[in-house]
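J.: Going down the list, the sequences are from chains E and W. Quick note: the first sequence uses my numbering, first residue 71, plus one each step. Quick note: the second sequence uses my numbering, first residue 71, plus one each step.
Each hint should be verified, as a subset may be incorrect.
Mimicking BS3-like on lysine-lysine, the simulated pairs with C-alpha atoms at most 27 Å apart in a straight line are [said to hold, decoys possible]:
1. E:LYS413 x W:LYS578
2. E:LYS346 x E:LYS409
3. W:LYS503 x W:LYS492
4. W:LYS536 x W:LYS261
5. E:LYS409 x W:LYS345
6. W:LYS670 x W:LYS345
7. W:LYS680 x W:LYS670
8. W:LYS413 x E:LYS578
9. W:LYS409 x E:LYS578
10. W:LYS99 x W:LYS346
11. E:LYS99 x E:LYS346
12. E:LYS261 x W:LYS492
13. W:LYS261 x E:LYS413
14. E:LYS346 x E:LYS373
15. E:LYS346 x E:LYS103
16. E:LYS503 x E:LYS346
17. E:LYS680 x E:LYS499
18. E:LYS591 x E:LYS578
Computed footprint of chain W on chain E, listed as stretches where at least three residues anywhere in the stretch have a Cβ under 8 Å from a Cβ of chain W [unchecked claim]:
19. 435-448
20. 538-544
FYI, nobody ran anything at the bench for these hints, they're computed from the structure. Computed from a prediction, not measured in an experiment: that's the story for all the values here. Glycine is no exception: its CB is placed at the ideal position from the N, C-alpha and C atoms.
There are 2 protein chains.
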Amino acid sequence: MTLLEIIPHSYILGILGLIFAVLLYHYIKRYPKGNDLMQEIAESIHSGSMIFLKREYTFIFIFVVIVFFVLWKAFNINTSLAFLTGAACSMLAGFIGMKGSTRAAVRSTQGAIDGGAPQALTIAFQGGAVMGISVAALGLAGVGLFFFFFTKNPEIINGFAMGASSVALFARVGGGIYTKSADVGADLVGKVEAGIPEDDPRNPGVIADNVGDNIGDTAGMGADLFESYVGSVIASIAIGATMTPHINYMSLPILLIAIGLVCSIIGVFSINILKKFSPQSVLRNSTYISGLLFLIGAFFAVKFLLTELNVFWAVLSGVLSGVLIGLESEYFTSGPPVKNLAKTTESGSATTIITGMALGFQSTILPLLTIAATIYVSYQLANLYGIALAAVGMLATIGIVMSTDSYGPIADNAGGIAEMSKLGPEVRKITDKLDASGNTTAAIGKGFAIGSAALTALALFSAYQKTTNLDSINLTNVQTVIGLLIGALMPFAMASFTLNAVGRAANKMVVEIRRQFREIKGLMEGKAKPDSDRCIDIVTRGALVEMILPGLSAVIMPLLVGLILGAEALGGFLAGATATGVLLAIYMSNAGAAWDNAKKWIEEGNLGGKGTDCHAASVIGDTVGDPLKDTAGPSMNILIKLMAVVSLVFAPLFI
Amino acid sequence: MTLLEIIPHSYILGILGLIFAVLLYHYIKRYPKGNDLMQEIAESIHSGSMIFLKREYTFIFIFVVIVFFVLWKAFNINTSLAFLTGAACSMLAGFIGMKGSTRAAVRSTQGAIDGGAPQALTIAFQGGAVMGISVAALGLAGVGLFFFFFTKNPEIINGFAMGASSVALFARVGGGIYTKSADVGADLVGKVEAGIPEDDPRNPGVIADNVGDNIGDTAGMGADLFESYVGSVIASIAIGATMTPHINYMSLPILLIAIGLVCSIIGVFSINILKKFSPQSVLRNSTYISGLLFLIGAFFAVKFLLTELNVFWAVLSGVLSGVLIGLESEYFTSGPPVKNLAKTTESGSATTIITGMALGFQSTILPLLTIAATIYVSYQLANLYGIALAAVGMLATIGIVMSTDSYGPIADNAGGIAEMSKLGPEVRKITDKLDASGNTTAAIGKGFAIGSAALTALALFSAYQKTTNLDSINLTNVQTVIGLLIGALMPFAMASFTLNAVGRAANKMVVEIRRQFREIKGLMEGKAKPDSDRCIDIVTRGALVEMILPGLSAVIMPLLVGLILGAEALGGFLAGATATGVLLAIYMSNAGAAWDNAKKWIEEGNLGGKGTDCHAASVIGDTVGDPLKDTAGPSMNILIKLMAVVSLVFAPLFI
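All chains, please: the whole structure from these sequences, using the hints.
T.: Put into structure tokens, the structure is as follows:
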């Protein structure tokens, strides 16, 4: 068998990867799970997360079934099946990953007691790897399988990306609304009104808050990156199908993510050697090891399949640009600008907000220029295919990137469990340290998510052009300009939806927590237990209701523009949405992270530390930033990708 | 003589209009100017404003001279002269208007004593009309004169628009930074630290604050609208030059603004009949009278010059869209959403900020759709010429629109003077009422400025296409996409520049005011006088230094993009900048105005009124909103127009 004949069987490697993730999950479950109180708390978080996931998936299932029939009617059963499989793979990845995270958190806490920081780190990292490897493996298995069956009708595979995107939107928006309304609600009544510490078990909202960390940062981020991952691969296949020899160009992205999966699994094992070093270096170096191995593999893959190396340089440009955008985000969210931001708390919260906004706006400049440079370079090297392959390059090692990313909420939860089960300052100190390393990787992960979303959206946009056979998307044509303006408006509308939704859902939570403090006798004295389930129920319901409108409009708007204004205007629409979506996403996530870290810096004792006016001002900044960085900002990534993929799938209707 | 032979002499009408404005100025000066204290305060404000203007103009003069020689070298002396004249007209309008405003304010205060609200209103309105009519008249005189000489080389006239735009950028950005840093600085030390009321004469920054109102709202807004006004006319001439019979198409915009000027002057006189009604209806009805008369005139103008009426409907669509955008802004900045926003102060300032942001994002939806609809309709009616004429229609009655707009800061200053000269609650009550009417018109005026900026930018963009003879600005071309992304980035970069600039300049002011309170003995007891001039000097210097970088980059960036990436990419750049610029401008000005009005609503006694926690939270919202609505937001309008006009003028270099 030649390499070209082997590649279509890559889905088998994906299935093996999935088995690895499941085995890893069972391996984690064998770690000691702590005392009764710890187990009880962990079980509440676990079941709360699963309840949310179940209800969310029930809702998404209805949506998926409807779209399944629409696609069947409009196109064929194969596209419908691809859509269904894409949605199912995304949900399955979320499900496995969430189980891994919630099981790992309490064991990581116990690990801190038994074996100190290295043990706690290993467990948390392995928990993250369940998510990371599941995402990578399911992507390869799913796309690979459809590639195997439909090598000659690659437009069928587009349906897979649409399935993944649809789930991602609901997971990201619903999860984002959940996590922030639980957080704001619990803090507002608990910390501010009742004056009890964060993560205090007396607070009825605190379990929901911990559930929210899993839902937003693990399941939401997972679905987001899964979408970018399959989107970039599918865009490359679609563009590759128009080139000669098309089978080589179509096979390359599949081969690259197969190599990426193997390298990611190696990265996960590397922790056994790396764990003697500091937590931060473990997270970083395992990523570097995987990345480097991947580049070596990619070099030979390109050499064998395409003989000339231009495409490899495009892949490399994608990898470098991912790293660069991550570093640029890190500078603005934990470098010197954050200290300057913290100092503005001395003249009050208004100044802190304005300066944080200015910082956020400023932080868009370098990443956007990096994206522009990557587009330019990769296009010069290999035209539109180059842009798509740059995105694939950035995302091929998603297994390890997502592992270090999911590590964050696990470490956060481990700390929460230590606090709630009163394990004392020694244990808390370890979990705090692990949590802090998680925050930096989270910032880089977000930069990465944004960079890959931008490149994937552009790759899908390119695939859309190729599929519609548009010679031009011409801005001297007034319809295209109108499309551009309406597209540019979409992220602004999404921001207003999601921010308002957090406010409404948080408000319901506040009312409920206040009621419990008032009506449950002995709650404040620690003699009675709060009704956490009711809080989880309320915020779940709130988040699910609120995600419907933005979710549907992201699907319907491109269809409307395409049908009313035509294929060319829809091209303008996608370009406009990508431009403002990427900019707003960077602005929001960096401003939010900077406020967060400015607060943390003050809490470390700078400018007088906790309890001062400076600290109070920084808390207001952090509270404002939270829904920006965790709800509205991440929604932008999905929005632009989903709209691009909907346009790509429905393109034949607009011509 | 036929109509076509008369139109090139329209500049004479412009000169007559200017004489009218100067006569009106002298008429206002004959009103009684109050007691010695009032005169002294008014003189400080007047001289502070003039000092700022003089220094600002000195700086702009250097810039203008450099560009004058660049244009001469690159093109010819005529384009240079047009540029110089455009800049001079804009500066002259600012100078006359500022004189009118500062002279009218104190006389309006005295008018409140002598003749109550009607008298105070009349004087303030006439003061505004000095600015309004100057802007309209100078625009007609300047553009008209170059039209007279260069009917056959209309590309020369583009230089006039660039001159106007350059002055506008510096005036808007410099003025915006001045007004907010003076405001924030004076409030922070005066109200918050020293605990003395607003406009208290003991505060060394209070004169600078009052000067700022004139500089930002009068001179800045005047230069902004002057730029839109001449920009839209010049874009129409440039597009008309490519049509047949070109002389008719080129003459129509000149005739329309000539009619608009006459109707505006009639509107100014209408106050003599209207003043018996409420202040708000005076401002509104005088605008309606002018608008209606203009439409009748425009109908006949189109009928005579073009025989078929399509272009008239395009003009009408522009007028209606201006009114609609104004009403939409009014709804979000003083309708029910503002009360909802005010209620969120109950859960603290963070919620107020988040809800205000959501409101701002939401408020972009309707205006953007209105703009899109206007583009669609006017293009269907008369192609690109239709879009340009819609902008001309919106701006033709600028004389009266600007009059009611400039009325705002005059009424505000009149109140400030009443407070500082301790005239008692009776007078203050009248000036407060007049001030409140001014705020609503200001909100509408801002909506109008944004709508016209968007249409003008698109008209200039269309003129750019026609001038460069670009068949397409093609988004399937990767260079165009890169242009689009970098263009979209520009408003974000501008926002970061201007917001940071306010912070820095305000900080210098705070240091100085604190020093004076500490070092000037007897200041707090009212026995010694503050050194207001030093404050004015510091904030003037700060504003002028800070405006240089954003100003220059707005001129240089389009040149760089055009020279490096080419004419087509520059087209993408302009489209991207227009999309994000318009959206950010609406977001910022509406969010800012909503926070402002939420605070005012609470100060009227709602939710407990002044001194409550709700009020404190609303003050933080207002402080955050101030630099958004008065500095960063308005800068966007100029940025997009200036970049479009620079591209238009330098277009021949990029082909």
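J.: Give a verdict on every hint.
T.: To see whether the hints hold, each was checked on the structure:
Note on E:LYS413 and W:LYS578: the hinted pairing holds, with a Cα-Cα distance of about 16 Å set against a maximum of 27 Å. As the CA atoms of E:LYS346 and E:LYS409 are separated by approximately 31 Å, the hinted pair breaks the 27 Å bound. Under the criterion of a C-alpha separation no larger than 27 Å, the hint pairing W:LYS503 with W:LYS492 is consistent with the structure, at around 17 Å. A distance of roughly 55 Å separates the Cα atoms of W:LYS536 and W:LYS261; the hinted pair therefore is violated under the 27 Å criterion.
A distance of roughly 56 Å separates the Cα atoms of E:LYS409 and W:LYS345; the hinted pair therefore is violated under the 27 Å criterion. A hinted pair counts as satisfied when its Cα atoms are at most 27 Å apart, and W:LYS670 with W:LYS345 qualifies at roughly 26 Å. Simply put, W:LYS680 and W:LYS670 have alpha-carbon atoms about 10 Å apart, close enough for the 27 Å limit, and the pair holds. The straight-line distance between the Cα atoms of W:LYS413 and E:LYS578 is roughly 16 Å, inside the 27 Å bound, and the hint therefore holds.
Between W:LYS409 and E:LYS578 the alpha-carbon distance is near 20 Å, which keeps this suggested pair within the 27 Å criterion. At most 27 Å may separate the alpha-carbon atoms for a hinted pair to count; W:LYS99 and W:LYS346 meet this at roughly 23 Å. A threshold of 27 Å between alpha carbons decides the hint, and for E:LYS99 with E:LYS346 the separation of about 23 Å falls inside it, so the pair holds. Restraint check: the Cα-Cα separation between E:LYS261 and W:LYS492 comes to about 46 Å, which exceeds 27 Å; the hinted pair is violated.
A distance of roughly 21 Å separates the Cα atoms of W:LYS261 and E:LYS413; the hinted pair therefore holds under the 27 Å criterion. About 37 Å separates the Cα atoms of E:LYS346 and E:LYS373, which puts this hinted pair outside 27 Å; it is violated. Restraint check for E:LYS346 and E:LYS103: satisfied, since their Cα atoms lie roughly 23 Å apart, inside the 27 Å limit. A distance of roughly 15 Å separates the Cα atoms of E:LYS503 and E:LYS346; the hinted pair therefore holds under the 27 Å criterion.
Among the hinted pairs, E:LYS680 with E:LYS499 is consistent with the structure: their alpha-carbon atoms are about 17 Å apart, no more than 27 Å. Distance check on the hinted pair: E:LYS591 and E:LYS578 sit about 21 Å apart at the alpha-carbon level, within 27 Å; holds. Closer than 8 Å: that is the beta-carbon criterion, and the segment 435-448 of chain E has 7 residues meeting it against chain W, so the requirement of 3 holds. Here's how the segment 538-544 of chain E fares: 5 of its residues keep a CB closer than 8 Å to some CB of chain W, so the rule of at least three is met and the hint holds.
Going through the hint list in order, the structure does not satisfy hints 2, 4, 5, 12, 14.
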